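Student: The residues making up each chain are set out below.
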Amino acid sequence: MRPERFLGSDPTPGDLGSVDRVAGALRTVVLALTESRQKLEGLVGPHSMWQGPMARPIVDAVTELAAHLRSIEDATVDFAQAVEVWRTGLAARQQRRAELTEQVSQLAGRPDAVDQRQRIQNDVQRLATEHLADGAVLIRAADLLAELLIDADDADLAADLDRGVAAVMIAVDEWIAESAAELVATAQSLSDTAGLTTVVSQILGVVGDEAPDESESVRRLASMSAGAHRLRLALRRSWASRAPEDLPAATFAASGSSSRPAISERLGGDSADRTDGRAEGEAR
Amino acid sequence: MAGITVLADDIRQLADTLDGVDAEFSAAARALRDLMPEDTGPPDVSTALVEVLARLQRRLGALAVEAGDGGRAVRRHLDDVAPRPGPSAEGQP
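Residue numbers (the working numbering), protein chains in the order written: chain A, 1477 to 1760; chain B, 28 to 120.
The hints are simulated quantities; they were obtained by calculation from the structure and are not laboratory data.
All values reported here derive from a predicted model rather than from experimental measurement.
Backbone N, C-alpha and C fix where the C-beta goes; we use that ideal spot for every residue, glycine too.
One should not assume that every hint holds.
Said to hold, decoys possible - Selected chain A positions facing chain B (in silico; Cβ < 10 Å):
| # | residue |
| --- | --- |
| 1 | V1590 |
| 2 | Q1594 |
| 3 | A1618 |
| 4 | L1625 |
As the list claims (entries may be wrong) - Taking CB as the label site, the calculated pair distances span:
| # | chain 1 | residue 1 | chain 2 | residue 2 | range |
| --- | --- | --- | --- | --- | --- |
| 5 | A | A1568 | B | A54 | 50 to 56 Å |
| 6 | B | D43 | A | E1578 | 57 to 63 Å |
| 7 | B | A54 | A | V1613 | 27 to 33 Å |
As the list claims (entries may be wrong) - Coverage of chain B stretches by chain A, computed from C-beta distances (three or more under 8 Å per stretch; other residues unrestricted):
| # | region |
| --- | --- |
| 8 | 34 to 41 |
| 9 | 76 to 84 |
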């Protein structure tokens, strides 16, 4: 039953299906914002690997993005709630509109029902006024969200992260280069490759709750770890300046390590000629 | 530098997360773009909703680009920090 036919005009225009689609899309947006923000926060949170002053630019850039997402998320949630309120009111008013339309239709052909018609028209007017008032609330909510979206001033995330990662890598390079001699000296005192892994892990700053599976850790450090890769580079750079020309290639790979000469032997110099038996022990 | 360990993995995770943000926001922006809420209420209400949803869609699209660019900027460093998968570690330079 078309309300316009009996009430003169529709006092409560609006399609519930359209409003539901808007609400659904807003839920999708809020979900995307929330999940993304949480991932970013977890990435650089207090328990993440990105700690210390060298990682600060990366943490700051990601944290700033997460905070920005949070502000949009909050504003979108507020707007979504306003849409839900609008939807609830719309449904109730349209139900009331249907009732009034039905009542007017029942009065058709009754010229004596002037008072009843007037009462219904008053109800219709109140309904229309309430509809417009609630609509104004929704418009204000939309304006608030729009204002926040306009005010957004993006930082250059890519440039910030590029600089941040580059700074960390330079710092790692410098640190490993500075530590190479210490690492070599430490390796000389080790009795086996597994022990080497432990010390290297400590020096590289590996933080773990569990004791590492030594052989697995060796393989992992040697084949996957960026730290190990850089470590090898650093050590080889160190060897290049200290070792004789026939020095075999360096490796921290687990396989075959026991058949290679000890690092101290490959380094040459005094350690290979020591008579305290330690150098021999290192090879085993 | 304590705490920075497997640097390549951390950089890759950072890039992957940003790529994920890119994908999430791109999908959300598409969902808004495909929406045609023309009759959600009286004309001024419908107009306000259409405008704010369009603005939200553009914002999410911009955030997706920002995150995607960030992911690419980070990923470019991976070649510097770790060997590419392939030959065994022994063969790495």
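Student: Which numbered hints turn out to be false for this structure?
Tutor: Those not satisfied are hints 1, 2 and 5.
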